[in-house]
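Line by line, the protein sequences are chains A and B.
Using the working numbering, read the first sequence as starting at 89 and increasing by one per residue.
Using the working numbering, read the second sequence as starting at 2 and increasing by one per residue.
Treat the hints as calculated values from the structure; they're not laboratory data.
Some hints could be false.
To be verified - Below, in silico cross-link-like pairs of lysine to any residue (SDA-like), each with a Cα-Cα straight-line distance of 20 Å or less:
{"no.": "1", "chain 1": "A", "residue 1": "K408", "chain 2": "A", "residue 2": "A338"}
{"no.": "2", "chain 1": "A", "residue 1": "K408", "chain 2": "B", "residue 2": "S159"}
{"no.": "3", "chain 1": "A", "residue 1": "K307", "chain 2": "B", "residue 2": "P140"}
{"no.": "4", "chain 1": "A", "residue 1": "K218", "chain 2": "A", "residue 2": "L279"}
{"no.": "5", "chain 1": "A", "residue 1": "K408", "chain 2": "B", "residue 2": "R57"}
{"no.": "6", "chain 1": "A", "residue 1": "K307", "chain 2": "B", "residue 2": "S142"}
{"no.": "7", "chain 1": "A", "residue 1": "K307", "chain 2": "B", "residue 2": "A55"}
{"no.": "8", "chain 1": "A", "residue 1": "K218", "chain 2": "B", "residue 2": "A55"}
{"no.": "9", "chain 1": "A", "residue 1": "K218", "chain 2": "B", "residue 2": "P140"}
{"no.": "10", "chain 1": "A", "residue 1": "K307", "chain 2": "B", "residue 2": "A73"}
{"no.": "11", "chain 1": "A", "residue 1": "K307", "chain 2": "B", "residue 2": "T347"}
These are the residues of each chain, in order.
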Amino acid sequence: MNASLRLFGGLSASQRLFLRRYGPIFAVYGFIVVLFIIGATQSERFLTVRNLTNVARQSAFLGIIALGQMLVILTAGIDLSVGSLVKLSILVSAIVMDGQTENQGAAIVATLGLGLLVGLIHAFLVNEVKIAPFIVTLASLGILRGISLSISTSPVGSASKPFIMFYVQKIGPIPVIAVMFFALLALTALLLRYTAFGKYLYAIGGNIEVAHLSGVPVKLTRYGVYVICSVSAAITGLLWLSRMGVGDPAIGDGLELQAITAVIIGGTSLFGGRGTVIGTLGGVLLLGVTANLLVMLGVNQFVQGLIQGIIIVAAVALYKQEGD
Amino acid sequence: MSEFILEMRNISKSFAGVQALKDVTFRCRPGRVYGLVGENGAGKSTLMKILAGAYRADAGEIIYKGEKRDQASAGEVIDSGISIIYQELALVRQMSVAENIFLGREPRYALGLLNLSELHRRAAALLKRLGIRLDTSLPVSELTVAQRQLVEIAKALSQNADLIVMDEPSAILAGSELEQLFGIIESLVDEGVTIIYISHRLEEVFRIASEVTVLKDGELVDTRPIDQLDRPTLVEMMVGRPLNEIFPQTEHEQGELVLVAEKISTDTILEEASLELYAGEILGVAGMVGSGRTELARALFGADPLTSGKIALVGGKSARWGNPAQAIDSGLVLVPEDRKTHGLFTSLPVRINVTLPILSRISRFGVLKFQAEDEIVEGARARLSIVMASPDQEAQYLSGGNQQKVVLAKWLETNPAVVILDEPTRGVDVGAKFEIYRLMRQLNDRGIAIVMISSELPEIIGMSDRILVMNHGRIVGEVAQEDATEAGIIELATMAAAGANRA
Ligand SMILES: Nc1ncnc2c1ncn2[C@@H]1O[C@H](COP(=O)(O)OP(=O)(O)OP(=O)(O)O)[C@@H](O)[C@H]1O
Ligand SMILES: [Mg+2]
Numbered sequence: 089m090n091a092s093l094r095l096f097g098g099l100s101a102s103q104r105l106f107l108r109r110y111g112p113i114f115a116v117y118g119f120i121v122v123l124f125i126i127g128a129t130q131s132e133r134f135l136t137v138r139n140l141t142n143v144a145r146q147s148a149f150l151g152i153i154a155l156g157q158m159l160v161i162l163t164a165g166i167d168l169s170v171g172s173l174v175k176l177s178i179l180v181s182a183i184v185m186d187g188q189t190e191n192q193g194a195a196i197v198a199t200l201g202l203g204l205l206v207g208l209i210h211a212f213l214v215n216e217v218k219i220a221p222f223i224v225t226l227a228s229l230g231i232l233r234g235i236s237l238s239i240s241t242s243p244v245g246s247a248s249k250p251f252i253m254f255y256v257q258k259i260g261p262i263p264v265i266a267v268m269f270f271a272l273l274a275l276t277a278l279l280l281r282y283t284a285f286g287k288y289l290y291a292i293g294g295n296i297e298v299a300h301l302s303g304v305p306v307k308l309t310r311y312g313v314y315v316i317c318s319v320s321a322a323i324t325g326l327l328w329l330s331r332m333g334v335g336d337p338a339i340g341d342g343l344e345l346q347a348i349t350a351v352i353i354g355g356t357s358l359f360g361g362r363g364t365v366i367g368t369l370g371g372v373l374l375l376g377v378t379a380n381l382l383v384m385l386g387v388n389q390f391v392q393g394l395i396q397g398i399i400i401v402a403a404v405a406l407y408k409q410e411g412d
Numbered sequence: 002m003s004e005f006i007l008e009m010r011n012i013s014k015s016f017a018g019v020q021a022l023k024d025v026t027f028r029c030r031p032g033r034v035y036g037l038v039g040e041n042g043a044g045k046s047t048l049m050k051i052l053a054g055a056y057r058a059d060a061g062e063i064i065y066k067g068e069k070r071d072q073a074s075a076g077e078v079i080d081s082g083i084s085i086i087y088q089e090l091a092l093v094r095q096m097s098v099a100e101n102i103f104l105g106r107e108p109r110y111a112l113g114l115l116n117l118s119e120l121h122r123r124a125a126a127l128l129k130r131l132g133i134r135l136d137t138s139l140p141v142s143e144l145t146v147a148q149r150q151l152v153e154i155a156k157a158l159s160q161n162a163d164l165i166v167m168d169e170p171s172a173i174l175a176g177s178e179l180e181q182l183f184g185i186i187e188s189l190v191d192e193g194v195t196i197i198y199i200s201h202r203l204e205e206v207f208r209i210a211s212e213v214t215v216l217k218d219g220e221l222v223d224t225r226p227i228d229q230l231d232r233p234t235l236v237e238m239m240v241g242r243p244l245n246e247i248f249p250q251t252e253h254e255q256g257e258l259v260l261v262a263e264k265i266s267t268d269t270i271l272e273e274a275s276l277e278l279y280a281g282e283i284l285g286v287a288g289m290v291g292s293g294r295t296e297l298a299r300a301l302f303g304a305d306p307l308t309s310g311k312i313a314l315v316g317g318k319s320a321r322w323g324n325p326a327q328a329i330d331s332g333l334v335l336v337p338e339d340r341k342t343h344g345l346f347t348s349l350p351v352r353i354n355v356t357l358p359i360l361s362r363i364s365r366f367g368v369l370k371f372q373a374e375d376e377i378v379e380g381a382r383a384r385l386s387i388v389m390a391s392p393d394q395e396a397q398y399l400s401g402g403n404q405q406k407v408v409l410a411k412w413l414e415t416n417p418a419v420v421i422l423d424e425p426t427r428g429v430d431v432g433a434k435f436e437i438y439r440l441m442r443q444l445n446d447r448g449i450a451i452v453m454i455s456s457e458l459p460e461i462i463g464m465s466d467r468i469l470v471m472n473h474g475r476i477v478g479e480v481a482q483e484d485a486t487e488a489g490i491i492e493l494a495t496m497a498a499a500g501a502n503r504a
């Protein structure tokens with residue numbers, strides 16, 4: 089239907105479809121490769137084990153909430169509250185753990201429980217009170233942030249020693265946190281491909297009316313997806329505690345936008361019904377590598393925001409070619 | 002247990018002031034085909050949506066398989082053995098054919114994981130039963146409207162229902178596909194399945210229904226065995242007055258040449274199509290679903306870029322256009338087949354839907370003249386007998402047929418030189434159909450040339466001055482109205498030789 093498609097004139101219909109769908113994702117990965125080449129040639133510190141380990145860890149932090157966010161966006165929803173929830177999670181876990189190894193279990197349970205509760209409340213408001221997800225989670229962003237800052241505006245509580253060690257642990261050369269992210273990534277991919285729940289996310293985002301009339305458990309699926317998203321934020325809060333060692337209330341600001349940005353760069357449609365895990369991974373890596381590279385090259389952080397903005401527009405323009 | 006599988010008793014339903022159903026009673030015995038007919042907006046779809054659990058009736062009761070049914074969810078209704086093929090296609094565009102067919106009832110392994118190979122195998126088997134070959138992993142967005150309709154039918158079959166409601170399933174099917182559908186209905190009935198068949202094509206109702214129920218303005222007119230009815234009687238029951246079903250003919254000689262297409266091809270199935278169009282005529286385009294008729298329309302309209310060939314508008318302002326906006330400026334309009342996605346702003350009021358292309362004409366200094374707008378909307382309502390609560394009603398709440406009239410009204414306001422109509426009477430009731438036919442002839446009298454694509458052969462033959470037949474993306478023949486027969490057109494449209502170079 090458009091000029092770029094005719095370039096692929098010699099291909100079969102299904103090959104063309106494949107290219108149209110996944111071409112932009114290839115482009116994202118291609119761009120990451122380009123960034124690597126720039127990094128390798130322009131900075132001697134970029135291609136070091138130490139730096140790449142860092143990139144992997146940081147990508148994992150963003151990646152875990154991006155995965156949760158992606159699932160919500162697939163249903164044509166959105167969760168703006170994840171940044172604030174990360175903030176509250178690091179505080180809650182730090183206070184409960186209070187530096188004691190024996191409190192670790194309680195801190196993890198309390199934090200994940202918090203995620204569960206927040207997710208349930210979001211889904212309840214979306215499902216039963218029928219408030220738009222944008223509004224529900226926008227309110228939640230403010231509320232959770234308010235609660236966090238009224239708990240403390242300066243660092244509180246602390247992590248146990250083993251919990252702090254978790255951050256630096258490696259399996260071979262790879263940080264445990266990155267391994268964890270990859271495991272969740274694989275799990276999400278399987279969820280989307282091999283479970284009815286996964287298909288229902290696409291169905292609800294694609295056409296909620298049809299999903300409803302086909303007997304898809306729309307509400308139940310939404311409860312599931314908002315809980316998964318909030319729990320992913322709670323997990324990220326725990327990881328931040330492992331990294332910081334204390335409950336730092338400065339953590340989490342703006343994370344929701346980072347996550348949404350990664351998901352969009354990965355080709356997930358904000359209107360729902362379309363998106364892939366591999367795309368989201370590309371989005372996360374692209375953001376992670378760009379940020380790292382800009383630091384390496386000594387670019388000032390305001391320019392970083394600008395460059396991120398340009399990347400979003402470029403990525404979305406690319407996906408637009410996909411047409412409908 | 003009663004003799005009825007389904008009894009809907011004294012059902013009433015109103016929507017914000019519109020009484021869609023008043024005290025309607027409808028009963029079905031197992032293993033029969035019930036025709037459900039009535040004008041646009043009569044309440045047929047509403048009655049079926051109540052059955053489906055999608056709407057809740059204000060009053061009345063539903064007794065299914067001998068038991069009174071409380072308000073049920075859509076899923077429970079499907080599980081109880083009722084499946085519905087909705088009038089407005091109900092598929093998720095982004096999902097694959099197989100995923101759509103089994104949405105909500107996917108085959109699973111013990112652990113709850115999906116059995117994808119089984120999913121695709123069963124979907125393929127169902128499609129085969131319907132006589133269609135389709136890649137089951139293709140997303141629905143890649144299918145033609147007719148293919149989607151067949152997927153929809155496959156979805157209903159997959160539910161192993163005892164009662165299947167088909168709300169205008171045939172509206173976009175033609176010839177052999179229609180025969181396939183009837184074949185399937187007959188075999189289902191032999192298995193004891195009950196079918197409720199809604200259609201505006203009365204010849205189909207006479208062909209397969211054993212009883213016919215007529216609704217008018219939300220009220221039950223009567224239910225009668227088909228053999229006690231003839232077509233004029235049925236039409237009179239629907240419309241409320243006798244209706245003369247004679248296709249209006251043009252009064253004058255062939256006019257001047259207005260449009261020439263020479264060997265045009267696009268990046269679709271369309272290949273080397275040539276045609277000439279004369280002022281004041283109706284050029285019918287017949288062919289099977291997927292034969293390239295819609296693609297021809299899109300090419301003429303500039304919606305798909307040409308890969309070869311050329312189009313020239315004779316005597317027009319511009320002879321070349323690369324996109325629809327230029328085509329419209331040159332006096333060419335296309336009324337597309339899928340009104341929900343291409344023709345209508347469903348969430349906007351009828352008023353805006355009708356006047357959108359001519360807003361500049363009814364504004365002064367960019368400010369809308371409401372009175373002029375009202376006049377236009379009122380004029381369209383009167384001319385096309387559009388049934389609506391008010392011009393401010395959102396288009397999505399009109400009945401299917403009335404939506405179609407709104408789309409037509411919109412384009413007719415632009416005073417075009419050439420009008421391309423893709424399935425103009427799809428989903429339109431008998432009375433309105435003949436109004437549209439008369440309207441088409443009025444346009445002819447004003448010198449406007451019409452290209453009409455239709456799957457309905459009686460309409461093609463009755464209305465077209467000349468008929469082009471398409472087959473596998475090519476125009477394979479031209480038939481004059483006097484020589485046209487249904488059999489002759491079907492033969493051209495299904496001829497294997499024309500497709501030999503593509504198969
Ligand atoms: N959700 C709704 N909200 C408001 N009005 C509605 C709604 N659904 C239907 N109506 C109105 O109820 C009446 C019956 O509509 P319905 O769709 O049942 O007609 P129909 O007999 O199926 O017509 P058609 O042959 O055109 O499909 C119409 O006047 C329509 O405008
Ligand atoms: Mg209807």
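Structure-based check of all given hints:
Of the supplied pair hints, the one linking K408 (chain A) and A338 (chain A) is violated, its CA atoms being roughly 36 Å apart against a limit of 20 Å. For the hint linking K408 (chain A) to S159 (chain B), the alpha-carbon distance of about 35 Å lies beyond 20 Å, and the restraint is violated. With a CA separation close to 25 Å, the supplied pair K307 (chain A) and P140 (chain B) exceeds the 20 Å bound. In summary, the hint linking K218 (chain A) to L279 (chain A) is not supported, as the alpha carbons are separated by about 26 Å, beyond the 20 Å threshold.
A threshold of 20 Å between alpha carbons decides the hint, and for K408 (chain A) with R57 (chain B) the separation of about 40 Å lies outside it, so the pair is violated. With a C-alpha separation of about 25 Å, the suggested pair K307 (chain A) and S142 (chain B) falls outside the 20 Å cut-off, and the hint is violated. This hinted pair checks out: K307 (chain A) and A55 (chain B) have alpha carbons roughly 15 Å apart, not beyond 20 Å. For the hint pairing K218 (chain A) with A55 (chain B), the CA-to-CA distance comes to about 17 Å; that is within 20 Å, so the pair holds.
Proximity of K218 (chain A) to P140 (chain B) is assessed by CA-CA distance (about 30 Å); at most 20 Å being required, the pair is judged violated. Of the pairs offered as hints, the one joining K307 (chain A) and A73 (chain B) holds, with about 15 Å between alpha carbons and a cut-off of 20 Å not exceeded. Taken as a hint, the K307 (chain A) and T347 (chain B) pair is broken in the structure, with Cα atoms around 25 Å apart against an allowance of 20 Å.
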